[in-house]
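Here the protein sequences come in this chain order: A and B.
Residue numbering for the first sequence follows the working numbering, beginning at 3 and increasing consecutively.
Residue numbering for the second sequence follows the working numbering, beginning at 500 and increasing consecutively.
Think of the hints as simulated: they come from the structure by calculation, not from any bench.
Computed from a predicted structure; not experimentally measured.
Treat the hints with care, since some could be wrong.
Straight-line Cα separation of at most 25 Å, BS3-like style, residue types lysine-lysine; simulated pairs [what the hints assert, rightly or not]:
#  : chain 1 : residue 1 : chain 2 : residue 2
1  : B       : Lys545    : B       : Lys696
2  : A       : Lys262    : A       : Lys283
3  : B       : Lys545    : B       : Lys762
4  : B       : Lys703    : B       : Lys647
5  : B       : Lys703    : B       : Lys771
6  : A       : Lys116    : B       : Lys696
7  : B       : Lys657    : B       : Lys647
8  : B       : Lys703    : A       : Lys116
9  : A       : Lys239    : A       : Lys262
10 : A       : Lys145    : B       : Lys762
11 : B       : Lys571    : A       : Lys109
12 : A       : Lys152    : A       : Lys29
13 : A       : Lys116    : A       : Lys145
14 : B       : Lys771    : A       : Lys262
15 : A       : Lys116    : B       : Lys647
16 : B       : Lys696    : A       : Lys145
17 : B       : Lys703    : B       : Lys545
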Amino acid sequence: MREIVIISGKGGTGKTSLTAAFAALAKNSVLCDADVDAADLHLLMQPEIRQQTDFMGGGIAVINPDLCIGCGTCMELCRFEAITDRFEVDTIRCEGCGVCVDFCPEKAIDFPTKRCGEWYLSDTRFGPMVHARLGIAEENSGKLVSLIRKEVRQLAEERGADLVITDGPPGIGCPVIASIGGATALVIVVEPTVSGIHDMERVVELAAHFRVPGMVCVNKWDLNPEMTEAIEQLAIKHNVAVLGRVPFDPAFTRSMVAGKTLFEYGEPTATQQQVRDIWAKIINSPSMNPLGIMDFKSTIQ
Amino acid sequence: MIISVASGKGGTGKTTISTNMALALGSGVEFLDCDVEEPNAHLFLKPVIERTELVTTPIPLVDLEKCTYCRKCSAICRFNAITVVSHKVLIFPELCHSCGGCMVVCPEGAITETGRELGEINFGARNGIRFINGRLRVGESMSPPLIKRVRSEADPEKVTIIDAPPGTSCPVIAAMNGADFVLMVTEPTPFGLHDLKLAVETVKLLGIPSGLVVNRSDIGDQEVFAYAEREQLPVLLTIPFERRIAEAYSQGRSIVEEFPEWKERFCELFHKIETIIQKRSTTV
Ligand code: SF4
Ligand code: SF4
Ligand code: SF4
Ligand code: SF4
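Assemble the whole structure, with the sequences as input and the hints as a guide.
Structure representation (C-alpha cells):
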C-alpha cells in the first residue's frame, strides 16, 4: 500500500482542491483528511458518516475549591501560568503536565481526561474516507493525525485499496510532522509568490529531514511565470521531482462553491487535462514505484 | 494596544493585511510575526535584521552518578518523554513539554536542565517600524513556546500588530491570547467560511473583540457576508480580487506602497479597530 500526502507549507495554495481532484481520478483509493485543525475536504466530498469515535486527549487540571487550602504549591510549580490568583485553572493555558496534581498536599486537584475532538469513518462517491474534527483551541493535533493515519491504513488494507490520498495540514510543525512520517511520497503544492517559494523551501527541508521523497506542482503558475521558473529550479536543485503547472482558473473556486471537484464541474477544460497529466506523473513516478514495480497504475485505476 | 491578525484557513491574505496595516501606519508601530512555522512578513516589510537569538526550551539532563533508578521521573511524566530501563534513563527531547515535573520529583536531585533548540528570534527595523519574528527549526514540532517567546517582546506602550499562525489549535491560541483585538481575514468561499466559523468560535472562547476583512471579496459567493451579519461581526474592509494586486503580492511588493490609494484605507481600518477597542474599554 502506498500513501501520498499533499502538503503546501503555506496555506491557501489550492492543496485541498487538488487533493479532491486527484481523488476523483484515483478509483481504488482511500481518502484521509489530516488537516484536522481546519478540515475542508469534506466540503467537496460530502461524506456519509458510518462511524464516529471520540478522540480523548490528555488530562487537564481541575481544582476542587472545597479541598484547596490555598498553599500556593500548584501555582509555584506550574510553568505555564495556568493557575490564577484565586486558585482556579485556566483551561486554555493548562498544558496537562499533571505536576500540580501530584504535588498538591491536599490532593485537591483532579485530572480528568478531556474529549478533544472526534474522528469519522465515512463513505464518499470516491470511496471511503477517514477524517476528524479537533475541538476549538485544543492541543494534541499531532496525536489525532497519527491516529487517523493509522486508521486509514487499516481501512485501506481491509478494503484491498492500494493507495491512500492524504490532505495534509499547513505549516511544518507538529501535525505536519505527524502526517508525513512513513508516507510513500509528498506532493507539495506551491503558489508562485515570494511567500510560496519561501515556505516550500522549509517543507522540502522537512521532507529531507524525515526522508520522504517530494514532488512539486505549481498552482496558479501564470500569476508569476518567473517565480514559477524559480520554484521549479529550486525543486530540481533539491532533488524534488517537478510534476507540472496548473493555471489560475476560477473553475476551482466555482466548483468549490458547488461542492464538487474540478472534474465534476462544467465541460472538460485544459486545466482538467493538466491536472490529469500531473496525476499520471505522480502515479508513474519512481517514488511511487520503488523496485520498478509498474503494475501500480492498473491497480488503482 | 495589541492587534492580532488571524485566519482559520491559511492563504487568505493574513500577512498581506497585517504588513500593509503596519506600513500604512508607519513609524512607531511594532510588528511581531508569530507564524513561526512559515514566517513570511519579512518578505513584505523588508526589515534590516539587527540581531538574532537562539530560543531553547528546557529539557532534563540526568546525572547517572546520583540516580538510583527509582523511576519517579518516568512516573510523573505525562508525555512519555523520560523512561528508566535497567541502568539507563532515556530522554526523548522531542516529546518533552518542559514542565519541570521530573526535576522536582527526583528525590536524589539527579536532574538538571539543559536546552533543546526550538528555533530563532530575529530583531530588526524598517522606517521606524520595529520588527520581530520567530522561525521554528525545521523538524521541531512544538511551536507554542517559541510563539510565546516572540509574544513576550510586545512593547505595551506601542501599537503592536501580530501576524498569527493559521488554524484554531494551540499555536493560534498562543498568538491571540491577551490581544486587545483579533482581526480575522477570510475569503468568500465555502472553505473560507467554514474555517472562519472555527476562528470565530476560538475568538469567542478567548473573549476578545473581533472584526473581519474579506479578501478577494468578489470571488466565490455571498455566504460569508450573511454569516458576518448573523454573528454581528463587523466587516471592516473588503478587498476585491485584482490581478495587479495578486501579481504585486507574488513579487513581495506591498499594496500600500504600490497603490497609494490603499494607504488611507488601511489607516481607516486601523481607526475602526481603535474605535471598537476604545468603546469596549469604556463600557466594561
Ligand atoms: S497545591 Fe492544592 S491545596 Fe495548594 S493551592 Fe494548589 S490546589 Fe490548593
Ligand atoms: S497540569 Fe500542569 S499546566 Fe496544568 S495547571 Fe497543573 S501544573 Fe499547570
Ligand atoms: S527520579 Fe531521579 S533518581 Fe529516580 S530514576 Fe529519575 S533521575 Fe533517577
Ligand atoms: S520536563 Fe516534564 S515533559 Fe519533560 S521529561 Fe520532565 S516530566 Fe517529562
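Tested hints:
With a CA separation close to 33 Å, the supplied pair Lys545/B and Lys696/B exceeds the 25 Å bound. Among the hinted pairs, Lys262/A with Lys283/A is consistent with the structure: their alpha-carbon atoms are about 23 Å apart, no more than 25 Å. Note on Lys545/B and Lys762/B: the hinted pairing holds, with a Cα-Cα distance of about 18 Å set against a maximum of 25 Å. For the suggested pair Lys703/B and Lys647/B, the alpha carbons sit about 21 Å apart, so the restraint of at most 25 Å is met.
Proposed proximity of Lys703/B and Lys771/B is supported: the alpha carbons are some 20 Å apart, at most 25 Å. Proposed proximity of Lys116/A and Lys696/B is supported: the alpha carbons are some 22 Å apart, at most 25 Å. Taken as a hint, the Lys657/B and Lys647/B pair is honoured in the structure, with Cα atoms around 18 Å apart against an allowance of 25 Å. The hinted pair formed by Lys703/B and Lys116/A meets the criterion: a straight-line CA distance of about 20 Å does not exceed 25 Å.
Restraint check: the Cα-Cα separation between Lys239/A and Lys262/A comes to about 36 Å, which exceeds 25 Å; the hinted pair is violated. The suggested pairing of Lys145/A with Lys762/B is violated, with an alpha-carbon distance near 44 Å, which exceeds 25 Å. Using a Cα cut-off of 25 Å, the hinted pair Lys571/B and Lys109/A holds, with the two alpha carbons roughly 18 Å apart. For the hint pairing Lys152/A with Lys29/A, the CA-to-CA distance comes to about 21 Å; that is within 25 Å, so the pair holds.
A distance of roughly 14 Å separates the Cα atoms of Lys116/A and Lys145/A; the hinted pair therefore holds under the 25 Å criterion. Between Lys771/B and Lys262/A, the direct Cα distance comes to roughly 38 Å. Violation of the 25 Å bound is thereby established for this hinted pair. Restraint check: the Cα-Cα separation between Lys116/A and Lys647/B comes to about 24 Å, which is no more than 25 Å; the hinted pair holds. Only pairs whose Cα atoms come within 25 Å are accepted, and Lys696/B paired with Lys145/A is accepted, the gap being roughly 24 Å.
Distance check on the hinted pair: Lys703/B and Lys545/B sit about 34 Å apart at the alpha-carbon level, beyond 25 Å; violated.
Going down the numbered hints, you'll see the structure goes against 1, 9, 10, 14, 17, while the others check out.
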